[in-house]
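So the sequences go chain by chain: A and B.
So the mapping is simple: my numbering equals the position in the first sequence, first residue as 1, plus 48.
So the mapping is simple: my numbering equals the position in the second sequence, first residue as 1, plus 75.
Note that these hints are calculated values from the structure, not bench results.
A hint or two may mislead.
Stated by the list, open to error - Derived CB-CB ranges, DEER-like:
{"hint": "1", "chain 1": "B", "residue 1": "Arg199", "chain 2": "A", "residue 2": "Gly334", "range": "45 to 53 Å"}
{"hint": "2", "chain 1": "B", "residue 1": "Gly381", "chain 2": "A", "residue 2": "Ser175", "range": "43 to 51 Å"}
{"hint": "3", "chain 1": "B", "residue 1": "Gly556", "chain 2": "A", "residue 2": "Phe177", "range": "21 to 29 Å"}
{"hint": "4", "chain 1": "B", "residue 1": "Asp442", "chain 2": "A", "residue 2": "Gly308", "range": "47 to 55 Å"}
{"hint": "5", "chain 1": "A", "residue 1": "Gln297", "chain 2": "B", "residue 2": "Asp439", "range": "26 to 34 Å"}
{"hint": "6", "chain 1": "A", "residue 1": "Gly335", "chain 2": "B", "residue 2": "Gly398", "range": "53 to 61 Å"}
Each residue gets a CB set at the ideal place from its N, CA and C atoms; glycine is no exception.
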Amino acid sequence: MSTTRRQFIKQSGATIFGASTLGAVDPETLLAQEMPKLEGRDRPTLVAIYLRGGADSLNTIVPYADPLYYRHRPNIAVRRDGNPREQVIPLNKQFGLHPNMASLMPLFKQGLVAPIINVGSPHPTRSHFDAQDFMERAAPGVRQITEGWLNRFLTMTRSNDDSNFRALSLQATLPRSLRGQHPVLAFPSLQIEHTIDTFEELYGCEEDQRLQKRGAIVESSAEAMRRKVTDAGASTIKLIHELRQIIAQTRSNANYPTSGFGQQMSDLAKLIKARRGLEVAALDYGGWDLHAFQGGSLGTMALKLGDISSTLTAFAEDLGPDLNRVLVMVMSEFGRTTLENGSEGTDHGHGGFMLLLGGQVNGSKIYGKWTGLELESLNDGRDMPVHTDFRQVFAEALSDLYGFDPFAQQFFPGYNHRAQPLGILHPHA
Amino acid sequence: MPSVVVVLGVAVLAPFLNTVTEAARTGGEAVAVAVTDPNAEPLTPREQAVHVLNRLAFGAMPDQVTALAEAGWEAWVREQLAPQSIDDREVMARIEVLAPSLAMSMGEIFDVYQPDYAGDYPTRDEERREAKLRQKAQIELRKAVIARAVFSRCQFQEVIVEFWRNHFSVDHNKEEVAYLANHYEENVIRKHAFGRFSDMLMASAKHPAMLLYLDNAVSQKPLSDAEEEEVARYVGRRRLPESILKKLRRQSGLNENYARELMELHTLGVLHENRKGGYSQRDVEELARVLTGWTAGFWNDEEEYGFIFRDDWHDRLPKVVLGRRMSGRRGIAEGEAVIKRLGTDRRTAQFISYKLCRYLVNDDPPDDLVKRVAGVFRTSRGHLPTVYEAIIFSPAFMDRANYLAKFKTPFEFTISALRATGATIKLYAHLYASLTDMGQPVYAQEDPTGYFDQAEAWLDPGVLLHRWHFALQLAEGRVDGVRLDPQFIDALNELPPEQMKQRMVANLLPAGIDPRTDAVLDKAMETIGVYRLQMLGLLIGTPAFQQQ
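With the hints as extra help, turn the sequences into a complete structure.
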């Protein structure tokens, strides 16, 4: 256990918010939970997709039946008439899906997809940095917590038969939710076959292994450090080869969009199907901070929603029966203002949406509490309210997917709230 | 098929300790451990020059090692310990152009980089302009930090400023720190790096960047005036009633963040937390009460901006910090007194000395060195050049056990690569993006610990991957706005292969080359042909170049 990493030091940190010691959760000092340990190939996989920038809920899960929606958004509301391909797709009598998400409708009807509305953080911040931090650490307002909630989960459920590929981030830098002491793999998007090939020989470590077997090496400090560096590099190369192999040997059973997101999810599906013990994956999808010209049925946001929908549909198709042990959670740090602004866009809001896809989802319905669009029922008279704490969703995901009870172990600092369960998932069979 | 790359986000290096015992164990039968300690031999003059340029500069420029070995490193160091005597006008002129905000007062920065709105609320255009200017302020600071590290002739100054920048770390992504950090860099860090520690400490405690970053700027006394009056009646008694104690401990309005870090990170050090002779949570709360009212804002009609002491936010009740009672009625002087005490505390001397020795000498510095340096810290009353001198001229500094024993941070790696290749820089965005990929964006460490400087914090395979990538990009001219020294490159291209290799090695790895790297280079030369620059990339990415 490293004493240089800050999070391990923060044992007694009282917090800003009062006498109760919220304290930093130091996962290593908490007992690892007794979890039903499945074999690597059967472990469930949680895929956390983070829409960075504050994704607008109202143009995604559209309250098409409420005339106020059209009054609040004269220019950017999603239409309910006109060109059929640009019309909202009813999910029920109140809400509908953005037309570009048509491909998700069959999955919704099969019970594999569930949206959640008016969900978010109790903390009032509208700052991207703070809101993302608080959500990804699942500790709104608690700045002492520095490890991500997914990493915390990994650490608390660590075991000796974990695979090397237990957790994975599909981009160069780890999202905050995956940062912490548990090792996590990252796929940068850069093309580095060339790079790996160039450095492979330099970092190959067979020579040193031979020397070690022969016996006593007494090294200078310089030699020792060089060896550490070489070994670290050798590990990278080894893991890369392994992953390359997995990807090469597994087939894609669906047609993904050619977008970056499509490619990432295609690779991810292969890794899941390869059953190498991948339990947690995370990736970011940015560009949702649409203060201007957000668009309605068409436009910038519509294109993104289309990409997400097509990709998730392909992903579900690709996984086939493996979808039963996978949960995709799409989330964002907050929703956006209910009324459009002067530039046909929206500004930072509060309550937002989440979207779940997976075999264990109790789909075909919309979760969350709706209190209408009158100004009096809005947060600060401008944003959608938060009626469901995002941690409730995280808690049910961890509990029903992995059999892990977060409340038993102070997993969420300062949140021990066993609310009426939403019932978004049925428990693992 | 997209190429897929794997990178480990966290170090997994636990096994690699105690190489000698490890090796002896794996020998199987009892193997006699070699009698001669490979770390015992003194460094040669050339090795000493390499070491000095590795630790007290951001690496050598082409041919600099030879020059230093011949002239003797001591004279160079003495000069570097008095940076005001070095002619650095070229770099200063460059900074003036790159980062005009660094020369501004805080009021001026706000004037220029955060202009007022026409009305009460910003228009869309005004919002966009504000975001752009905010980013401009941040970019200027990043450029200045990188440019100075690469080009300044006061190399040790840049090395030690980097230390203090992390010690008194602020994150310029947070709110107004984006503008204030520029002033902070110049007037807190750079100004005092060759002065007294207690002056830097006090400057940081009163600087709006720090007060905002660690939330002290919004910290107010926990009790209302009425409650204070009520409690005041009990003050002076030996025992306070429980209800009064409860009132005193109520924390709404009070923010402990800075008080804690002031003790834990800036002065006494975390090892003293909750230990006998250390500080406690109670001390943190009491110190936070002492520092209520230490905030920042616009002073006057001139719109000058800076530190403000707000009497109406200040807690005027008695306090006890680290065993010393305070009446509570001395206003700002109370906080100043505590900070002065912290600055001269024995434990602070120990902690700062330890950190400096770790930065300059070894990730695990010898105890006796740290102890001696702490003594110098105390007797010199925190005079930093005296402390630096004590470290650099100690026998431990030049001990082979510390030679090439440290791992370069991403910042050290990038800067040293640019210096070793004689690079010129026209654009900084790509460089900054690379630094971010490697995990060390300038002034953007979210945690107040600043960036760590030990191998343990950085030696992830992931970091290496980005370094390899950067190494090849740099060598092949694919880093936007960065060009290697054309004379250096031309000279290399004209040489026959073997000599080219030797010349490259002499400049990139002046400490010499290990057999493996040598063999790989020879092999590369056979296949590379015209792609000689790729060899340069190989060298920058080699394990040896990650060492310092």
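Verification of the supplied hints:
Arg199 of chain B and Gly334 of chain A have their C-beta atoms about 21 Å apart, which leaves the hinted 45 to 53 Å range violated. Between Gly381 of chain B and Ser175 of chain A the beta carbons are some 24 Å apart, a value that contradicts the proposed interval 43 to 51 Å. Look at Gly556 of chain B against Phe177 of chain A: about 28 Å separates their beta carbons, and that is inside 21 to 29 Å. Under the hint 47 to 55 Å, the C-beta atoms of Asp442 of chain B and Gly308 of chain A, about 52 Å apart, fit the expected range.
For Gln297 of chain A paired with Asp439 of chain B, a C-beta distance near 44 Å fails the hint of 26 to 34 Å. With their beta carbons about 55 Å apart, Gly335 of chain A and Gly398 of chain B fall inside the hinted range of 53 to 61 Å.
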